[in-house]
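These protein sequence lines map, in sequence, to chains A and B.
If you read the first sequence in our numbering, its first letter stands for residue 1, the second for the next number, and so on.
If you read the second sequence in our numbering, its first letter stands for residue 306, the second for the next number, and so on.
Derived by calculation from the structure, the hints in this document are not laboratory data.
Careful: at least some of the hints might be erroneous.
So the derived label-pair ranges between C-beta atoms look like this [stated by the list, open to error]:
1. B:Met426 x A:Gly297: 56 to 62 Å
2. A:Leu93 x B:Gly431: 48 to 54 Å
3. B:Arg518 x A:Lys270: 54 to 60 Å
Below, computed lysine-lysine pairings styled on DSS-like, alpha-carbon distance capped at 27 Å [unchecked claim]:
4. B:Lys473 x A:Lys202
5. B:Lys504 x A:Lys177
6. B:Lys312 x A:Lys118
7. A:Lys118 x B:Lys319
8. B:Lys478 x A:Lys232
9. A:Lys120 x B:Lys504
10. A:Lys177 x A:Lys223
This one's a predicted model, so the numbers in the text were calculated from it and none came from an experiment.
Glycine included, every Cβ here is placed at the ideal spot set by N, Cα and C.
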Amino acid sequence: MTKSNLQKVLESGAFAVTGELGPPKSGQRDVIEHHASHLKGVVDSVNITDNQTAIVRTSSIATGRILLDMGIEPNVQMTVRDRNRIAIQADVLGAVALGMKNILCIQGDHATLGNEPKAKNVNDLDSMNLISALKKMRDEQEFIGGDKLDAPIDLYIGAVANPFADPFEYRPYRLAKKIEAGAQFIQTQVIFDMERFERYMKIVVDMGLHEKAHIIAGITPLKSLGAARYMKNNVAGMIVPDHIIDRLKGAKDKKAEGVNIAVEMIEHLKTIEGVAGVHIMAVAWEEIVPEIAERAGLLPRPTFD
Amino acid sequence: MIVAERKPLGEILKNLEPHKKVLILGCGECVTVCMTGGDKEARETALALSIARKKAGSPIEVKSHTVERQCEPEYLESARHLVEEADVVVSLACGVGIQNMNEYYADKRTLPGVNTTFMGMPTEQGVWTENCLGCGNCVLDETMGICPIARCSKSMLNGPCGGSQNGKCEVSKDIDCAWHLIVERLMKFNKLGALQEVKEPKDWSTSHHGGPRKMIREDVRL
Ligand code: SF4
Ligand code: SF4
Numbered sequence: 001m002t003k004s005n006l007q008k009v010l011e012s013g014a015f016a017v018t019g020e021l022g023p024p025k026s027g028q029r030d031v032i033e034h035h036a037s038h039l040k041g042v043v044d045s046v047n048i049t050d051n052q053t054a055i056v057r058t059s060s061i062a063t064g065r066i067l068l069d070m071g072i073e074p075n076v077q078m079t080v081r082d083r084n085r086i087a088i089q090a091d092v093l094g095a096v097a098l099g100m101k102n103i104l105c106i107q108g109d110h111a112t113l114g115n116e117p118k119a120k121n122v123n124d125l126d127s128m129n130l131i132s133a134l135k136k137m138r139d140e141q142e143f144i145g146g147d148k149l150d151a152p153i154d155l156y157i158g159a160v161a162n163p164f165a166d167p168f169e170y171r172p173y174r175l176a177k178k179i180e181a182g183a184q185f186i187q188t189q190v191i192f193d194m195e196r197f198e199r200y201m202k203i204v205v206d207m208g209l210h211e212k213a214h215i216i217a218g219i220t221p222l223k224s225l226g227a228a229r230y231m232k233n234n235v236a237g238m239i240v241p242d243h244i245i246d247r248l249k250g251a252k253d254k255k256a257e258g259v260n261i262a263v264e265m266i267e268h269l270k271t272i273e274g275v276a277g278v279h280i281m282a283v284a285w286e287e288i289v290p291e292i293a294e295r296a297g298l299l300p301r302p303t304f305d
Numbered sequence: 306m307i308v309a310e311r312k313p314l315g316e317i318l319k320n321l322e323p324h325k326k327v328l329i330l331g332c333g334e335c336v337t338v339c340m341t342g343g344d345k346e347a348r349e350t351a352l353a354l355s356i357a358r359k360k361a362g363s364p365i366e367v368k369s370h371t372v373e374r375q376c377e378p379e380y381l382e383s384a385r386h387l388v389e390e391a392d393v394v395v396s397l398a399c400g401v402g403i404q405n406m407n408e409y410y411a412d413k414r415t416l417p418g419v420n421t422t423f424m425g426m427p428t429e430q431g432v433w434t435e436n437c438l439g440c441g442n443c444v445l446d447e448t449m450g451i452c453p454i455a456r457c458s459k460s461m462l463n464g465p466c467g468g469s470q471n472g473k474c475e476v477s478k479d480i481d482c483a484w485h486l487i488v489e490r491l492m493k494f495n496k497l498g499a500l501q502e503v504k505e506p507k508d509w510s511t512s513h514h515g516g517p518r519k520m521i522r523e524d525v526r527l
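Using the sequences and the hints given, assemble the complete structure.
See below:
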């Protein structure tokens with residue numbers, strides 16, 4: 001079995017850094033290349049969103065192949081919103097054939113929140129089922145329905161966790177369930193409420209979950225006060241505390257302050273037990289990631305032969 | 306019960322444009338209870354249509370009638386005289402009743418006067434909510450009597466998703482998150498551990514996804 005770069009980094013014990021790319025609402029390869037170029041050598045793997053917030057964009061697998069051509073490792077996000085188990089399993093095989101190994105299993109925001117609100121939400125599987133399905137395809141060479149794959153596949157299976165969703169008490173158990181289903185690495189929702197995240201991690205560590213999967217904490221640099229308010233009020237399952245909003249409000253240079261907050265948060269995350277890395281989500285602001293990584297002492301990234 | 310909403314009058318009027326004699330046919334079951342298509346609503350609809358057509362300068366003869374249960378053929382015979390007299394029928398029953406009319410009185414068209422919305426129940430005066438999608442493989446025993454198929458916007462078997470906040474669904478603050486309710490009820494019964502089992506992908510073939518369904522009971526067939 002050949003491992004993805006992300007898997008190698010995490011298993012080496014190094015503090016991992018992942019980035020994120022939102023494909024464009026167009027078929028422009030050069031636009032994808034432009035955004036991705038900022039992340040090369042700065043992160044271990046780049047998440048490619050799958051019609052994020054239910055907005056139609058270039059397919060994540062196609063974008064993943066473009067990144068591979070650039071020498072950047074993709075982490076393909078895959079929702080269960082738009083495809084049934086036939087299409088999903090076909091796409092997993094397609095992604096593998098194109099050289100992708102990391103797949104992040106996501107439920108996906110409801111279609112009514114996006115730009116095709118009249119669409120049918122498929123949800124044939126749920127995100128938990130998707131994790132189990134990938135594990136079964138890889139470990140047992142078997143599809144969900146029991147038919148056999150013709151040859152083994154390599155996959156590094158990821159899942160998401162949202163410590164800011166409710167019911168809070170249940171969230172660590174839900175994480176345990178995802179790990180039980182087969183998730184090997186976890187990327188969390190964007191963290192602004194550090195106090196709540198620490199409470200969550202304490203339970204996660206007490207349950208020993210950080211030893212069963214690598215937990216990567218989500219960070220987003222805030223570009224403006226408007227962006228902070230938008231996330232607070234409009235993004236499903238997100239908490240932005242008032243002290244963050246106030247800090248941006250008080251700052252002359254909002255962008256610089258947003259970056260300062262992100263760097264401080266990463267420094268803090270490094271000290272939290274059970275956190276194996278950071279996932280920096282700076283979609284449409286990828287050019288800031290090198291600076292954040294540099295200032296947070298995350299460079300250079302480890303390489304393996 | 307089956308819940309339905311009356312179609313906008315304008316839509317019904319448009320469908321009735323070529324017609325002069327219309328029968329509005331109500332049903333005495335679910336649509337009566339949800340105050341959409343019972344006798345009262347059939348009369349009101351008939352009146353509203355006739356006023357609108359008079360105003361538009363093309364008067365129409367509208368009668369109304371209500372059968373006890375439009376979804377079973379036996380109950381339709383009582384309306385024969387009125388149906389035959391009319392050019393067209395507008396049914397205020399659910400989609401089942403409307404189809405039954407079209408089959409039973411195959412020489413006459415029965416048009417829909419309502420949008421059939423869901424299987425649900427009244428939760429407060431004037432409010433009905435969806436409870437069941439008729440998935441053909443009930444899991445209410447596993448979810449403390451709260452349906453994750455109909456009441457979770459993503460029909461998750463392993464919920465809740467990451468969009469659940471303050472007990473509400475990410476789709477709208479007006480929708481309770483079914484999985485929040487399930488988790489709370491499991492905690493109340495000290496059974497949260499039951500949720501740790503990873504539920505297998507749902508077998509949708511027992512639902513509409515397996516094709517239109519039919520139930521055959523040999524023991525009661527004639
Ligand atoms: S599980 Fe299926 S049958 Fe049971 S209430 Fe829900 S939709 Fe209806
Ligand atoms: S918020 Fe709750 S009800 Fe809405 S989709 Fe998520 S789990 Fe289902």
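Now for the hints, and whether the structure bears them out:
For the pair Met426 of chain B and Gly297 of chain A, the beta carbons lie near 58 Å from each other, so the given range of 56 to 62 Å is met. At about 51 Å, the beta-carbon gap between Leu93 of chain A and Gly431 of chain B stays in the expected band of 48 to 54 Å. Distance hint for Arg518 of chain B and Lys270 of chain A: a CB-CB separation of about 56 Å, consistent with the stated range 54 to 60 Å. Our distance criterion of 27 Å between C-alpha atoms is met by Lys473 of chain B and Lys202 of chain A, whose separation comes to about 26 Å.
Taking the CA atoms of Lys504 of chain B and Lys177 of chain A, the gap is near 10 Å; set against the 27 Å cutoff, the hint holds. A distance of roughly 19 Å separates the Cα atoms of Lys312 of chain B and Lys118 of chain A; the hinted pair therefore holds under the 27 Å criterion. A threshold of 27 Å between alpha carbons decides the hint, and for Lys118 of chain A with Lys319 of chain B the separation of about 24 Å falls inside it, so the pair holds. Of the pairs offered as hints, the one joining Lys478 of chain B and Lys232 of chain A holds, with about 15 Å between alpha carbons and a cut-off of 27 Å not exceeded.
Restraint check for Lys120 of chain A and Lys504 of chain B: the C-alpha separation of about 23 Å stays at or below 27 Å, so the hint holds. With a CA separation close to 35 Å, the supplied pair Lys177 of chain A and Lys223 of chain A exceeds the 27 Å bound.
Consistency note: the structure conflicts with earlier hint 10 alone.
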